[in-house]
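Enquirer: Turn these sequences into a full structure, and let the hints steer you where they fit.
Number of protein chains: 2
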Amino acid sequence: MEKREDGIMGMNILVAHGGGPTAVINTSLQGVVEAARASGRVDKIYAARFGAEGILKGDLMDLTEVPAEVIARLRHTPASAIGSCRRKLTQDDYPTVLETIKKFKIDAFFYNGGNDSMDTCNKVNELAVKEGLNLSVIGIPKTMDNDLEVTDHCPGFGSAARYAAISASELALDASGLPIHVVVLELMGRNAGWVTAAGAMARRLTRCGQLTYLPEVPVDMDRMLADIEAVYAKGNGLLVTVSEGVCGPDGKPLADTGIVDGFGHVVPGGTAQYISGQIMQKLGIKSRAEKPGLLGRCSIPYVSPVDSGEAYEVGRYALESALRGESGQMVAIEAVRRPQYRSRLFLTPLSGVANAEKRFPLEWIVDGNQIDDAFFDYAKPLMGEDFPQYAFLR
Amino acid sequence: MEKREDGIMGMNILVAHGGGPTAVINTSLQGVVEAARASGRVDKIYAARFGAEGILKGDLMDLTEVPAEVIARLRHTPASAIGSCRRKLTQDDYPTVLETIKKFKIDAFFYNGGNDSMDTCNKVNELAVKEGLNLSVIGIPKTMDNDLEVTDHCPGFGSAARYAAISASELALDASGLPIHVVVLELMGRNAGWVTAAGAMARRLTRCGQLTYLPEVPVDMDRMLADIEAVYAKGNGLLVTVSEGVCGPDGKPLADTGIVDGFGHVVPGGTAQYISGQIMQKLGIKSRAEKPGLLGRCSIPYVSPVDSGEAYEVGRYALESALRGESGQMVAIEAVRRPQYRSRLFLTPLSGVANAEKRFPLEWIVDGNQIDDAFFDYAKPLMGEDFPQYAFLR
Numbered sequence: 001m002e003k004r005e006d007g008i009m010g011m012n013i014l015v016a017h018g019g020g021p022t023a024v025i026n027t028s029l030q031g032v033v034e035a036a037r038a039s040g041r042v043d044k045i046y047a048a049r050f051g052a053e054g055i056l057k058g059d060l061m062d063l064t065e066v067p068a069e070v071i072a073r074l075r076h077t078p079a080s081a082i083g084s085c086r087r088k089l090t091q092d093d094y095p096t097v098l099e100t101i102k103k104f105k106i107d108a109f110f111y112n113g114g115n116d117s118m119d120t121c122n123k124v125n126e127l128a129v130k131e132g133l134n135l136s137v138i139g140i141p142k143t144m145d146n147d148l149e150v151t152d153h154c155p156g157f158g159s160a161a162r163y164a165a166i167s168a169s170e171l172a173l174d175a176s177g178l179p180i181h182v183v184v185l186e187l188m189g190r191n192a193g194w195v196t197a198a199g200a201m202a203r204r205l206t207r208c209g210q211l212t213y214l215p216e217v218p219v220d221m222d223r224m225l226a227d228i229e230a231v232y233a234k235g236n237g238l239l240v241t242v243s244e245g246v247c248g249p250d251g252k253p254l255a256d257t258g259i260v261d262g263f264g265h266v267v268p269g270g271t272a273q274y275i276s277g278q279i280m281q282k283l284g285i286k287s288r289a290e291k292p293g294l295l296g297r298c299s300i301p302y303v304s305p306v307d308s309g310e311a312y313e314v315g316r317y318a319l320e321s322a323l324r325g326e327s328g329q330m331v332a333i334e335a336v337r338r339p340q341y342r343s344r345l346f347l348t349p350l351s352g353v354a355n356a357e358k359r360f361p362l363e364w365i366v367d368g369n370q371i372d373d374a375f376f377d378y379a380k381p382l383m384g385e386d387f388p389q390y391a392f393l394r
Numbered sequence: 001m002e003k004r005e006d007g008i009m010g011m012n013i014l015v016a017h018g019g020g021p022t023a024v025i026n027t028s029l030q031g032v033v034e035a036a037r038a039s040g041r042v043d044k045i046y047a048a049r050f051g052a053e054g055i056l057k058g059d060l061m062d063l064t065e066v067p068a069e070v071i072a073r074l075r076h077t078p079a080s081a082i083g084s085c086r087r088k089l090t091q092d093d094y095p096t097v098l099e100t101i102k103k104f105k106i107d108a109f110f111y112n113g114g115n116d117s118m119d120t121c122n123k124v125n126e127l128a129v130k131e132g133l134n135l136s137v138i139g140i141p142k143t144m145d146n147d148l149e150v151t152d153h154c155p156g157f158g159s160a161a162r163y164a165a166i167s168a169s170e171l172a173l174d175a176s177g178l179p180i181h182v183v184v185l186e187l188m189g190r191n192a193g194w195v196t197a198a199g200a201m202a203r204r205l206t207r208c209g210q211l212t213y214l215p216e217v218p219v220d221m222d223r224m225l226a227d228i229e230a231v232y233a234k235g236n237g238l239l240v241t242v243s244e245g246v247c248g249p250d251g252k253p254l255a256d257t258g259i260v261d262g263f264g265h266v267v268p269g270g271t272a273q274y275i276s277g278q279i280m281q282k283l284g285i286k287s288r289a290e291k292p293g294l295l296g297r298c299s300i301p302y303v304s305p306v307d308s309g310e311a312y313e314v315g316r317y318a319l320e321s322a323l324r325g326e327s328g329q330m331v332a333i334e335a336v337r338r339p340q341y342r343s344r345l346f347l348t349p350l351s352g353v354a355n356a357e358k359r360f361p362l363e364w365i366v367d368g369n370q371i372d373d374a375f376f377d378y379a380k381p382l383m384g385e386d387f388p389q390y391a392f393l394r
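So the sequences go chain by chain: A and R.
Quick note on full-length UniProt numbering: the first sequence kicks off at 1 and runs consecutively.
Quick note on full-length UniProt numbering: the second sequence kicks off at 1 and runs consecutively.
Interface residues of chain A toward chain R, partial, derived using beta-carbon atoms under 8 Å:
(1) 61
(2) 74
(3) 83
(4) 84
(5) 177
(6) 180
(7) 288
(8) 291
(9) 293
(10) 298
(11) 300
(12) 391
Pairwise CB distance ranges, derived in the manner of DEER restraints:
(13) A:40 with R:190: 53 to 61 Å
(14) A:69 with R:229: 33 to 41 Å
(15) R:93 with A:207: 27 to 35 Å
(16) R:309 with A:207: 27 to 35 Å
(17) R:229 with A:256: 18 to 26 Å
(18) R:69 with A:340: 19 to 27 Å
(19) A:256 with R:190: 20 to 28 Å
(20) R:325 with A:281: 49 to 57 Å
If you are wondering where the hints come from, they were derived from the structure by calculation, not from laboratory data.
Beta carbons: idealized from backbone N, C-alpha and C, even for Gly.
Expert: Here it is in structure tokens:
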């Protein structure tokens with residue numbers, strides 16, 4: 001940020017979203033915009049329309065004059081209000097990215113995303129340094145998958161986990177109150193079980209039987225069916241909670257949709273439907289499969305207040321870090337859970353998170369179908385703690 | 001209610017649930033129990049464990065001493081807290097029903113359910129009259145399907161509609177913020193489009209393209225695909241909202257799961273997945289299908305406050321009607337919508353609702369894929385009106 005030709009001392013900033021949205025990604029955007037306005041040191045607030053695609057096309061939206069009440073609505077608006085994309089930038093794209101940054105005289109660039117986006121951030125920063133640009137590049141973490149390294153957890157995960165935990169509990173109550181079928185619930189997370197594990201909360205909030213399967217542990221179908229039969233026989237109902245990415249012993253997904261897309265590729269998915277079919281065919285027990293899918297990342301009523309608060313703060317902290325002249329960093333969260341949950345933010349080099357993936361700890365998976373309390377010690381504060389207390393009369 | 005041998009002046013009451021639950025069926029139970037306690041005229045409060053099955057087995061729970069704070073939690077407990085079943089009573093069962101009623105000295109019987117339950121109610125009442133039993137039989141309406149006659153609407157529908165409307169809007173924001181695929185959302189209602197129609201709210205709350213298909217209008221797949229291609233091409237994203245029971249021109253469901261159950265029957269379902277597959281195969285456009293299924297009837301955060309309030313009142317009104325000596329009636333709702341929504345309760349003979357079905361008006365379906373404003377004039381007040389206002393920045 002220097003005195004520019006036009007005599008204005010303020011900074012121009014650019015925010016972009018990358019990859020799949022979360023229920024609170026817009027809240028981080030709100031944090032950036034409101035902190036920028038409060039600082040009195042930001043001139044123009046730009047946002048890339050549809051993420052990397054907007055940057056490459058030079059298609060930026062000017063949010064500088066958007067009314068405060070519209071910005072405030074971002075907290076209750078799911079998905080990406082500025083648009084996102086799945087395009088992964090290649091080496092050939094980076095010069096075009098810098099062109100846009102120069103054209104709009106951007107002083108600070110904020111990229112809100114997961115692993116891939118942090119990699120992009122890192123490369124933009126390296127190129128800016130190489131070209132002697134005075135650009136601050138800050139990554140804002142976001143992923144419901146919770147797989148970013150260094151940070152205790154990712155904004156977006158707490159809300160997706162809360163959705164999984166409470167939705168599973170509600171389904172479990174349905175399954176046990178009218179126990180005519182085994183209900184199978186499919187949750188998001190193709191490679192990592194973080195969100196599906198949160199669904200195991202149903203066994204803690206209800207009296208319904210529950211079995212939970214994550215992609216980290218290969219599933220033996222015969223054993224799964226035997227376990228389902230045994231738990232269902234107890235008569236308290238049964239909810240089977242599965243990650244969409246659950247695999248068999250051969251490492252291949254249990255199911256595909258049976259659909260070949262327009263490009264000739266078999267479309268993966270339908271794990272819950274497949275298991276449900278096996279329950280009916282092999283056990284002769286009625287079953288139905290539910291798959292809320294993307295609703296697990298865009299449902300505002302299930303947003304965790306803790307997650308929402310932190311999502312806002314990482315946005316604000318990113319802006320303030322840029323004002324201090326920081327660059328090449330991602331905002332990360334440090335948390336303590338005893339005697340009560342507290343978190344604080346810090347910066348960590350983009351290079352350390354760009355190509356790393358935090359795995360779900362295998363020791364938190366018990367007998368292949370239960371989740372250890374240690375996971376809930378970790379995750380409950382992120383989900384917001386104020387879980388429903390149900391009436392049990394039977 | 002007479003002075004019995006034991007010298008107690010109070011009534012003994014029995015509540016039972018029939019069929020699929022809703023998000024507010026327990027709220028009606030709360031209404032009955034709290035009104036019974038407030039009246040000072042009820043001795044024993046019984047509930048049938050798992051509905052008709054509990055009645056036939058004489059398996060009643062005594063709720064008389066359940067703490068008030070547990071009863072209050074019913075308002076936030078989805079599904080049936082006393083248990084329900086799908087068993088339809090036959091002529092042979094009714095004598096056994098009366099045995100239980102005599103054994104527990106029941107003075108008033110409340111059956112909370114849909115068409116089938118009102119039929120049961122009616123038959124129990126006729127038999128009681130025939131046998132000279134001093135029994136008050138009152139039906140409490142409940143169905144997310146909204147297909148009961150006489151009553152303006154059914155408790156349970158408003159919340160299922162609110163779930164459909166807001167979930168669809170949230171998915172539409174996701175589909176338009178990251179427009180890499182057509183999202184197909186399957187909603188409940190095998191024979192009637194009431195709930196799926198509410199999902200058409202997304203076109204009103206967001207800027208995403210939307211097409212909506214109800215079971216009332218047979219679908220021509222070629223035309224559907226042409227419409228999908230045309231709306232998707234506009235570039236604002238596309239949400240296709242379908243009822244699970246959508247049929248082709250031959251009157252057969254568009255899809256089945258491809259699963260044969262343990263009894264050799266093909267399991268219906270997978271409508272959204274089928275349409276999604278057609279979009280990929282025939283149009284070469286990426287697509288994904290979501291099916292929240294039972295979540296649409298058991299999600300507490302999406303409960304309509306209007307629906308919740310009315311569900312409570314129908315329970316209370318049922319109890320008070322029995323105290324007045326009414327029998328053979330169902331509680332029904334009369335509503336006015338101008339200048340603002342108001343409703344009041346009244347009694348209607350069970351015989352008039354027992355075997356009738358309220359159909360979705362065909363004139364509310366426009367071009368086979370849009371829902372007329374007249375439906376929303378009818379349904380919006382029931383959903384609670386306070387719809388989210390989203391931030392639109394693009």
